[in-house]
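S.K.: In case you want the letters, here they are:
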Amino acid sequence: MSSEHAPRRRVVITGCGVISPIGLSSAAFWDSLLAGRSGIARIEDFDVSDLPTQIAAQVKGFDPEQYMPRKVWRRIDPFAQYALAAAVEAVDMAKIEIDEELAPRVGVQIGSGYGPSTIQSQVTLGLQEKGARSIGPFTSAASAIDNAAGEIAIRFGAKGPSGAISTACASGTSAIGEAMRWIQYGACDVVLAGGADQSVTRSDIASACSARALSRRNDDPEHACRPFDNERDGFIMASGAGVLVLEEAERAMRRGAPILAELVGYGASTDAYHPTAPHPEGAGAQQAMRGALTDARIDASEVDYINAHGTSTKLNDRIETLAIRQVLGAHALRVPISSTKSMTGHMIGAAGAVEAIVALHTIRDGVVPPTVNCFDPEDTEVNYVPHTAQEHKVDVAMSNSFGFAGHNAVAILRAWKP
Amino acid sequence: MNDEEIREGLAAILQEVAGTDPAEVEMDKSFVNDLDVDSLLMVEVVVAAEERFEVSISEDDLKEGSTVGDLVRSIQGVLAAAV
Chain A
1 MSSEHAPRRR VVITGCGVIS PIGLSSAAFW DSLLAGRSGI ARIEDFDVSD
51 LPTQIAAQVK GFDPEQYMPR KVWRRIDPFA QYALAAAVEA VDMAKIEIDE
101 ELAPRVGVQI GSGYGPSTIQ SQVTLGLQEK GARSIGPFTS AASAIDNAAG
151 EIAIRFGAKG PSGAISTACA SGTSAIGEAM RWIQYGACDV VLAGGADQSV
201 TRSDIASACS ARALSRRNDD PEHACRPFDN ERDGFIMASG AGVLVLEEAE
251 RAMRRGAPIL AELVGYGAST DAYHPTAPHP EGAGAQQAMR GALTDARIDA
301 SEVDYINAHG TSTKLNDRIE TLAIRQVLGA HALRVPISST KSMTGHMIGA
351 AGAVEAIVAL HTIRDGVVPP TVNCFDPEDT EVNYVPHTAQ EHKVDVAMSN
401 SFGFAGHNAV AILRAWKP
Chain B
1 MNDEEIREGL AAILQEVAGT DPAEVEMDKS FVNDLDVDSL LMVEVVVAAE
51 ERFEVSISED DLKEGSTVGD LVRSIQGVLA AAV
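If you're matching them up, the sequences are chains A and B in order.
Take the first sequence: its letters are residues 1 to 418, numbered as in UniProt numbering.
Take the second sequence: its letters are residues 1 to 83, numbered as in UniProt numbering.
Heads up, some of the hints might be wrong.
[To be verified] Derived pair list, reagent style BS3-like, types lysine-lysine, alpha-carbon separation capped at 27 Å: (1) A:LYS95 with A:LYS159; (2) B:LYS29 with A:LYS71; (3) A:LYS71 with A:LYS60; (4) B:LYS63 with B:LYS29; (5) A:LYS60 with B:LYS63; (6) A:LYS95 with A:LYS314.
Derived by calculation from the structure, the hints in this document are not laboratory data.
With the rest of the complex left out, here is chain A:
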């Protein structure tokens, strides 16, 4: 028997949580997506006068006190607050009780691209202005990228493996995929998996501007993010978190859990080409999509929806379209392909996690969210789901994430059939 067909435990999703610029719960987030609502606006909370890009998609109206004690939210970075809040919603939805017996079988895997950017900036400025004594006692833990996973584990008493995978813009998808392996191969029965980032900071915006990656359409924020539109000029930095409860299928069935979808495939690859630019033929992207299909034992022709990486950069959107055409062949022209980043902006490490949550909603509701601002499509034969949501029966949904440093990760979800 080849390893490809070795029996593996099945993995289902039994809960999800979202903190995003367009909704502070998975339901509010989904409603905004279907309504085509944009979360992009001018940055008001720090000085942007010297930054070429002055717009972003920020989380607004978030009150950490609703999700965690003051003592906890004061010691952690906003990215970890968002992750913990999303985990609270996901665990609540899954109605899972982590008791002493289950605890060692529960893992936490929260990916992040940039991690605790706010705290890192504060440390640098604090050391310059006030010296070492100003650095708080929790900084050492909170200024590291694994901190969100650690705080979630403390909150829920999850004592299985935990940590943070970091694959830039693909981190959320990588986290979900690697967590799926933990369950498939028996290291865990349950994993709280997802991604989080809060990179709408002066330093992250300045560096992304310098990489010429961000849109400069400052005078028209609502139309700045336009994936697959020929007038696109870069991505929009965004913040947020998405967390899923992944659970071994038989266990979920035994306890009568609400099964939202099955996680069936994961493919990862690396371009090994350039620090920021994708491989010109999307070789890594194709490899990751093919890997995920093989892993899921699904033929490309069975894919019913693709949540594209679709960042709104010139290169990504052109190359992603080519890569999808290469992998799906003629079927690429039948399948709806949309980029929800057109509304959320690019939530970096959270992107793949919330987009997997989009995928499971398309399966549940038979509706796919639109790509807003796609007026003049990159490829006129492809259905980018422009402007408004479309009804499609979705059994199989693919979610693409392609990151800087050439990290590629693709997840495939399928409607649950016992």
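Starting from the known structure of chain A, arrange chain B on it as the hints suggest.
M.R.: Leaving out everything else, chain B in the frame of chain A:
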């Protein structure tokens, strides 16, 4: 500054850093055992107290089980020495 004023100042700090109810912050309460302020959070309390009262507090003065009163007396001692 009298002891009560210092106690009130510490209560305000604890409310800020740990969400502690100011009414709970009585002289005989232990930070660790009664107020759920562990040794790391205590570092934050001490640094905030130093800024608020313009004193320098040695962390060695605060032992396991130190009470609010111990910290008040420690601050009072530094203030008295400075006069």
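S.K.: Hints first: check each against the structure and report whether it holds.
M.R.: Here is how each hint holds up against the structure:
no.	hint	in the structure
1	A:LYS95 with A:LYS159	holds (18 Å)
2	B:LYS29 with A:LYS71	holds (19 Å)
3	A:LYS71 with A:LYS60	holds (22 Å)
4	B:LYS63 with B:LYS29	holds (14 Å)
5	A:LYS60 with B:LYS63	violated (42 Å)
6	A:LYS95 with A:LYS314	violated (43 Å)
Violation of the numbered hints given earlier is confined to hints 5, 6; the remaining hints are satisfied by the structure.
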